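A.B. asks: Chain by chain, the residues:
2 protein chains.
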Amino acid sequence: LEQGARERVLELVEPLHEADLADLLEQLDADERAMLVRVLGRDLDPYALTELEEGVRDEVLEAMAPEDLAAAVKELDADDVVYLVEDLDEDEKARVLQALDPVERVAVEKSLTYPEDTAGRLARHEIVTAPPFWTVGQMIDAMREAEELPDDFHDVVLIDPKVEPVGLVPLSRIMAAPRATRLEDIKREEMHVLRADTSVEDVAYAFQKYRMLTAPVVDADGRLVGVIEFEDAAELIDDEAEEDLKLLAGVGDEELSDSVFETAKARFPWLFVNLLTAILASIVIAQFDRVIEQIVALAVLMPIVASMGGNAGTQTLTVAVRALATRDLTPANAWRIIRREALVGLANGLAFAVIVSGVGLIWYGDPTLGLVLAAAMVINLVAAALAGILIPIGLDKLGADPALASGTFVTTVTDVVGFFAFLGLAGALML
Amino acid sequence: LEQGARERVLELVEPLHEADLADLLEQLDADERAMLVRVLGRDLDPYALTELEEGVRDEVLEAMAPEDLAAAVKELDADDVVYLVEDLDEDEKARVLQALDPVERVAVEKSLTYPEDTAGRLARHEIVTAPPFWTVGQMIDAMREAEELPDDFHDVVLIDPKVEPVGLVPLSRIMAAPRATRLEDIKREEMHVLRADTSVEDVAYAFQKYRMLTAPVVDADGRLVGVIEFEDAAELIDDEAEEDLKLLAGVGDEELSDSVFETAKARFPWLFVNLLTAILASIVIAQFDRVIEQIVALAVLMPIVASMGGNAGTQTLTVAVRALATRDLTPANAWRIIRREALVGLANGLAFAVIVSGVGLIWYGDPTLGLVLAAAMVINLVAAALAGILIPIGLDKLGADPALASGTFVTTVTDVVGFFAFLGLAGALML
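One line per chain: the protein sequences are Z and R, in this order.
Quick note, the first sequence lines up with residues 1149 to 1579 if you use the numbering used here.
Quick note, the second sequence lines up with residues 1149 to 1579 if you use the numbering used here.
Hints in this document: simulated from the structure, not taken from any laboratory.
Heads up, a few of these hints could be off.
Pairs count within a copy or across copies, as identical chains cannot be separated in the list.
What the hints assert, rightly or not - The list that follows gives simulated cross-link-like pairs (lysine-lysine, DSS-like), each with its CA atoms no further than 25 Å apart: (1) K1335 to K1413; (2) K1241 to K1222; (3) K1394 to K1310; (4) K1545 to K1241; (5) K1545 to K1394; (6) K1394 to K1357.
Predicted, not measured: the structure shown is a model, and the values here were computed from it.
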């Protein structure tokens, strides 16, 4: 990447798609990255900036010469610029905004007035609108005469004199209809209007549920302020499932490009919570140290009870978290699902009770030990089922994300119940 | 829902969106569901059928009178019918297909010739095409004269005389351009063509990566056979993250409407695998029963080492599985990521070593016990990191889904290494 090789680099980078260039930038280390950014200069595809992970993006923006950055943001649409600048500090943000032409700057600043993670921030503020009484012919002529149209839009938004949205007309229908047709006669059968303060979670849910392509966004008075297109919402839908996955595993918003120190620091708190709950389980075991001293087999077998409970609890928890996210689990069917999970826990508890009593019998030749293991298994799998479903429902009721830390809560319950049931029963029946 | 109340039911169901009607059907039990389907008869919104979970859908299709089912499928687009019938048995499928008019039947049958989970099956086969030399005016006139256009499409596909796709023209650009403009002059800068035998995973990945709205699908000779629109692909992208989540937790394709027996049966195999690995961990403990007999504190503290390892391993695993799914983890950066994870494991291992040595010291007043606990913690968190990254990469190399059962493999490693390191070091240093 050193001197003179600039042309060779350009030759290599030129044919890359913006997403591939972003991948390349992410895979380099910080020094190589800064060098590539400086070598590319104004030839860096601005769209690649929108594809970068947050950490890398900030580094790249910092490495760019101010005039190159200004040139880059000029090429982007307003919603991409918003995405790019929203996490910058105020100085950087002002610098980028100054590079924009006044019309676009107003659009970006308007977006930025809405809080992050709301429909207002997410929406595109360049909208193609028309009164409902316009004909297809008038609409086509108006669009053809417009100085600039958004590049990819799917629907024309019909508005009344109060600028309230009253319908959506897909471009494909405008194409298919005779010029004299009135727009309101070919509007979509349904329209779901979102308020600007709707959370992105609810935006994602609405798009997923109603399979809509375009949703008008309105302010508190019902006036149209923007539109959200399906492709903007789709990314959110994807993010939701990934977020659940990461929350359940105790991984935050980390990225592959994060440093060792950042990553270790981000994962530490979760591990620390887990340590506290593990110590809690150890305290339960410590209550039975006399029993273990006399029957060491208990120490050998007790992880089986805890591990099975942890696994069964995680199964139920995963189903519950996703069902809450997709709103398939509602107050209306919660009791039915809780009962079902408890019965599933009981059924598998009984099945594994039979198996592990055999293990206890064959390994140690002690039918009472087998019986204790079996009883503890049934108790723990039912407890696992109840914890797996009640904890996320409880978190949801409290307004927290049902995936947050619920894995740790559930395994705490299964560890404590498992050790207590197994060692307690052993102490009562075997001494 | 009994006699005479049909009108009341219709009144209640009529205003429901198809997705809400589907939710309602899913929340009822099997008998109520069948009754509602029979009561609704021909007034059942056919689009609700496409929104149902698989198990419920089959029940509903079975409960419908043949003539109602025939009427319903006639209203749907070909790709919805494909989705509806692909899991039916042959008799049912033939019955539904016979209800279609010949043109649509051919389209459905054509889709069904492609294997499930491929681009060919997923694609829409009604396509709007044009030669590249057509003008915007010709295109608009042709569309307006066409007997039927697909309801929601975003791009016109430009094809050459060999029916090979050569470009995509967004409707919004056709709208904005003067009538004399040639289509090829306003085509999209990029087009990513998919082969009909591309797996749906690769389709989802391509749409996610290149943020495209429409992808032409071609046969082995490069001829256009269909198009996939963003909204069809988006569902797949979502499914991928959800699938990873469920595979990691050992939950299959289950649905909230599954019975207790079905659910318990589906979750049993995973729990059984976990039992085998838990027994393996118990065998490791059993090797040290003499040591435990003399120092019961070991039995009390050993779950801490195992639990911390399991948690740290799951963190790394989750990051690795998602990075493989989004193809951010590639052979090019694998070694860097493996090194990073090992160092993160070492860093947190050292941090927790300090903490747990304090726990050992304060609880049991034994510095050697604290040292043993600390050393086992470092060893196990490094092992957890390596298992968490190497197991999914290995599964991926073998062509398996990296999420499949990897959670169990990882916790097996952390249990075995954790117990062995802790009890082995204790045996060597404390007796």
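A.B. asks: Hints first: check each against the structure and report whether it holds.
C.D. replies: Evaluated hints:
Taking the shortest Cα distances, K1335 and K1413 never come within 25 Å of each other, neither inside one copy (53 Å) nor across copies (48 Å). Taking CA atoms no more than 25 Å apart as the test, K1241 paired with K1222 passes inside one copy only; the shortest distance there is 14 Å, against 55 Å between copies. Taking the shortest alpha-carbon separations for K1394 and K1310, neither the intra-copy value of 44 Å nor the inter-copy value of 48 Å comes in at or below 25 Å. When the C-alpha separation of K1545 and K1241 is checked against a cutoff of 25 Å, the pair qualifies neither within a copy, at 38 Å, nor between copies, at 44 Å.
Within a single copy, K1545 and K1394 get their C-alpha atoms as close as 21 Å, and across copies as close as 23 Å, so both meet the 25 Å cut-off. For the identical chains of this complex, K1394 and K1357 are neighbours both inside a copy (23 Å) and across copies (21 Å), given an alpha-carbon limit of 25 Å.
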